[in-house]
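Construct all of the structure, not just a fragment, from the sequences and the given hints.
Protein chains in written order, with this note's numbering: chain A, 1297 to 1546; chain B, 1297 to 1546.
Please note that a few of the clues may not be correct.
Heads up, the list lumps identical chains together, so a pair's fine if it works in one copy or across two of them.
Stated by the list, open to error - Heads up, simulated DMTMM-like pairs for lysine to aspartate or glutamate below, C-alpha to C-alpha not over 25 Å straight-line:
no.	residue 1	residue 2
1	K1337	E1483
2	K1337	E1415
3	K1337	E1351
4	K1337	D1380
5	K1337	E1389
6	K1337	D1385
7	K1337	D1400
8	K1337	D1526
9	K1337	E1543
10	K1337	E1410
11	K1337	D1428
12	K1337	E1399
13	K1337	E1499
14	K1337	E1317
Everything labelled a hint here was simulated from the structure, so no lab data went into it.
There are 2 protein chains.
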Amino acid sequence: MTDDRPATALPTAAMLVIGDEILSGRTRDANMHHLAGELTKHGIALREVRVVPDEPAAIVAAVRALAGAYDTVFTSGGIGPTHDDITADCIAEAFGRAIGVREDARAILAAHYERTGLELNEARLRMARIPDGAALIDNPVSAAPGFTLENVHVMAGVPAIFEAMLASVLPTLTGGPPLLSQSLRVERGEGDIAGPLGELAAEFPDLSFGSYPSQRGGVFGATVVVRGSDGARVDAAMQRLAALFPEALA
Amino acid sequence: MTDDRPATALPTAAMLVIGDEILSGRTRDANMHHLAGELTKHGIALREVRVVPDEPAAIVAAVRALAGAYDTVFTSGGIGPTHDDITADCIAEAFGRAIGVREDARAILAAHYERTGLELNEARLRMARIPDGAALIDNPVSAAPGFTLENVHVMAGVPAIFEAMLASVLPTLTGGPPLLSQSLRVERGEGDIAGPLGELAAEFPDLSFGSYPSQRGGVFGATVVVRGSDGARVDAAMQRLAALFPEALA
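Written out as structure tokens, the structure is:
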């Protein structure tokens, strides 16, 4: 079993899973296992995970404890549009920051809802509440951004979105250059996408290709995200993708 | 989402998942989701889960924190025979108890290994290390007992065993009478057992029937456990089981 024990020199991480539905058993968390595997691949040692309810005192206390004890913290859950999505406010409180609807986040959501024909109502506007000083984390699947504040990366609970957000955050943690990314929405099942995507990935080994199942306007499909440090290469791959899936939407 | 929020009057519980292999991503934990669902069914509010490595300081600190903050704590993992199975020693340390090989646990293991033709070697004898004052938790699947000390129930990490141990502990927490149980080892797939077992369960609605997949001596099968507060009824159900599966072993 010692092969699981990381060297003590590795950077350390902790995870905070937020959600009453996890603790009630209604939903089975998938993000912990995903994060654990990804961190191991990237040479970061996951040292503790906590699961807490959607309650301010519990979230604030856990964030402070974990952020103080480990190099990096990842949170999952509670950044959606409903009244019990309180994570952003709790993170702000944990670090003594102000929080309100921020223009950059609002603009991202406004553009997304205009494109998809939905209303940017008061509930959805909650997802533009970002603590002062936080950096946004891109959400290529459903637009509403996560954010990084101090050493805490605040991400969605929906697995496809969590995975996409993590993929954009991880390279920045291991000293790699920030990755540029572009995405495409393809309204086919992942099974139809996988083959062509795999071939494209083999042609562009310097890029990474992810596909994240998502529903938009009641239609199932996937968001394909291409990431790389060379913008021209990402452009080239995107052109190939558009040719492979001509009906796709940016 | 408020339907997941438990009433504050419910007894509270926490879970401690112990294992480097969970944090490395090599193994996906299944017990948290199972425990959450079972506690909800039994009217107990799971309020926090922590996952920690197989390290003494981490385990001791987490046990003390959770046992002090919640009515009941369930731990999963680290009570097997290998050198990194240190949970029992950590629980003893957390509560300032002595620990050593205890005769009742040793006798259970000795009987099991004699029956299955394996050696009760030094490694396996570690599983008979029980803190002073702890009560044993029956393990109908593979004999090595869990234990309860103060308000902490220490159980196996292997899902089938965790589930079986939890099923014997839960009724005692909700004020029900302790359940008597008998078990039978059936060397067939669960798919072959499920039908007859379901019919038997319908005939004995006052009893509960669980089947736990397990391997014994390289042969796959299941341990069927019958539980109830009326010993005569459990006997009757066991006789019916023996007739349904004549090749089964006690």
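Comparing the hints with the structure gives:
no. : hint          : in the structure
1   : K1337 / E1483 : neither (31 Å within a copy, 39 Å between copies)
2   : K1337 / E1415 : neither (40 Å within a copy, 39 Å between copies)
3   : K1337 / E1351 : between (32 Å within a copy, 22 Å between copies)
4   : K1337 / D1380 : between (34 Å within a copy, 23 Å between copies)
5   : K1337 / E1389 : neither (32 Å within a copy, 34 Å between copies)
6   : K1337 / D1385 : neither (32 Å within a copy, 32 Å between copies)
7   : K1337 / D1400 : neither (32 Å within a copy, 44 Å between copies)
8   : K1337 / D1526 : within (22 Å within a copy, 53 Å between copies)
9   : K1337 / E1543 : neither (35 Å within a copy, 47 Å between copies)
10  : K1337 / E1410 : neither (38 Å within a copy, 43 Å between copies)
11  : K1337 / D1428 : neither (32 Å within a copy, 42 Å between copies)
12  : K1337 / E1399 : neither (36 Å within a copy, 45 Å between copies)
13  : K1337 / E1499 : within (23 Å within a copy, 52 Å between copies)
14  : K1337 / E1317 : between (29 Å within a copy, 14 Å between copies)
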